[in-house]
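All chains should be modelled from the sequences, with the hints used to inform the complete structure.
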Amino acid sequence: MNLELALRMTEAAVKQAFREGASISVAVVDEGGNLVSFQRMDGAEISGPVLAEGKAYTSVALRRPTSELSGRTALGRELSGLAGGRFVFVGGGVPLWSDYGEGERVVGGIGVSGGTVTQDVACAEAAESVWRTR
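The sequence shown: position 7 = 1237 (the numbering used here), numbered continuously.
Hints are computed from structural coordinates only; laboratory data are not their basis.
Among these hints, one or two may not hold up.
Unchecked claim - Quick list of in silico lysine to any residue cross-link-like pairs, SDA-like style, CA-CA up to 25 angstroms:
no., residue 1, residue 2
1, Lys1245, Leu1235
2, Lys1245, Trp1327
3, Lys1245, Ser1359
4, Lys1245, Arg1270
Laid out in structure tokens, this is it:
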């Protein structure tokens, strides 16, 4: 992960948000969940910056898209103790996988917040496509 690539990914998410009619915040984090790039569109919700970074962090920490995790946080389920803090279990977070070395590993993540869950996921996937075609 580097800044130039992270900026291209956030820009792809913003372009998709325009097509979706959403105002989003988008964050790209590295393999340690540290913020590399962030953009907030005009008119995006006040909660977007925190949620976008949280979704990106969650996707890295748990190595899963956040859309796959929401049902696992209910009381008594395997992720119920993780609710809160930096973890966000709503669609819009996508891990970025390496494609080299000794097996794949997560090397970063994207988080999008501000639209509907479907819009957030579409914007995160647009950013992920930049990663896959780099």
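Enumerate the violated hints, using their earlier numbering and listing them in ascending order.
none
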